[in-house]
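Chains A and B are the protein sequences, given in the same order. Letter by letter, the first sequence follows residues 1 to 248 in our numbering. Letter by letter, the second sequence follows residues 1 to 134 in our numbering.
I should point out that these hints are in silico values taken from the structure, not numbers from a laboratory. Because the structure is a prediction, the values reported are computed rather than measured. Among the clues, some could well be false.
[What the hints assert, rightly or not] Each pair of labels, with its calculated beta carbon distance range: (1) Gly-120/B / Lys-128/A: 18 to 28 angstroms; (2) Ala-18/A / Arg-63/B: 49 to 59 angstroms; (3) Pro-131/A / Gly-120/B: 26 to 36 angstroms.
[Said to hold, decoys possible] Derived DSSO-like pairs (lysine-lysine); straight-line CA-CA distance at most 30 angstroms: (4) Lys-134/B / Lys-123/B; (5) Lys-134/B / Lys-128/A; (6) Lys-128/B / Lys-142/A.
Ideal Cβ positions, reconstructed from N, Cα and C, are used throughout, including at glycine.
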Amino acid sequence: VNSSTTKQWYQRRVAITAGMLPGGVPKLGRAAVYRRRALYKRKKNAKPSKVEAKPEFKTKKVHGEKNGGSRQVPVQKSPRFYPTEDVKRPLTNRRKVKPTKLRSSIKPGTVLILLAGAHRGKRVIFLKQLPSGLLLVTGPYKINGVPLRRVDQAYVIATSTVVEIPAIANDKLTDAMFKRKAKPTKNEREMFIENTSEEPKISAERIALQKEVDAVVVPAVKKVEMLPSYLRSKFTLTKGQFPHQLKF
Amino acid sequence: IQSNLSRAIFCKMLYQRFIEVGRVCYIRIGDHTGKICTVVDLVDQKHLLVDGPTSGVPRCVLRLNQVSLTDLKIDIPRGCKSKKVRSELTKEDINAKFLATSLSKKAEGKKSKALLGDFGRFKLRVSKTTLNRK
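The whole structure should be built from the sequences, with the hints applied where relevant.
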């Protein structure tokens, strides 16, 4: 079963569930299954087991006239040291870290509603999922003031509106771009001197990247009627509206 | 034999739609919301035996508040079988007549409004405000 493909696995699952009664009770009892499988009628291909027994002892030459010439020495020596207390080992972790599974409702160009953060309530365009699992979105900046930003999928509502934007292939759009730069550590003397020359809060690189991306997104947004004003507005709930009943 | 309706019109009664055998009703609450059914019998003051063979409603007992009366009525004997109900409904083409009623149209409108996405609701709001502003 380990070597079967996912399709075969699903087919097998379907077959198993088809043979089930409600409540997880199988349709055929053990005797019926035994009769049906009729393994007793089938030929058993007895394959010889190829397990090679590992030698426990090996012969080693011993020097000295009176020492018998050779001796049988165990291949694996018993340890000469045991700790006084049992050493606790952590359990094996075979987990492979993958980026969060992207919801099927979120596709490049989907309008998302941000639910938390400084831009809560705003509607933004989804660009792509970054390797960290976070979603890269843009307002676009000129329309609603949301810059290129990383956003967690859990804090987002995906609407059914999808804007046709050409695929943005930009090498700079990675997690590294958005990581906060560590402040240079000051030594004792410098700590008390105020840093008068402050660097601009948003780097020129970011602004350039924003313009580059929005140059592609904004025309696509303007093509759709009323979409720019829609992106400019904020999401609110009014009387009689309940999120679990709304279709987004 | 005067029908309830003709009696009501003659006496200028307030009510024109009566709960009677053959009355076509619109189910507003419950499993079969949105479908129409015909009253086959009355169980008590608050319950109806109802059947909708042409609209996918099985023969069942519904509460009066689950149901909304329509103008349509067919001529069937009390407690008749589903087969008879089906033949009368198809003879009168009740399904088509129901689609022409305002109730059906309003229900369609409500359904389509619920299917509006977030963008659709925004567009609706904007068009309403611009319309009202004129």
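Verification of the hints:
| no. | hint | in the structure |
| --- | --- | --- |
| 1 | Gly-120/B / Lys-128/A: 18 to 28 angstroms | 26 angstroms, holds |
| 2 | Ala-18/A / Arg-63/B: 49 to 59 angstroms | 39 angstroms, violated |
| 3 | Pro-131/A / Gly-120/B: 26 to 36 angstroms | 34 angstroms, holds |
| 4 | Lys-134/B / Lys-123/B | 17 angstroms, holds |
| 5 | Lys-134/B / Lys-128/A | 42 angstroms, violated |
| 6 | Lys-128/B / Lys-142/A | 27 angstroms, holds |
The structure fails to meet hints 2, 5 from the earlier list, while all remaining hints are met.
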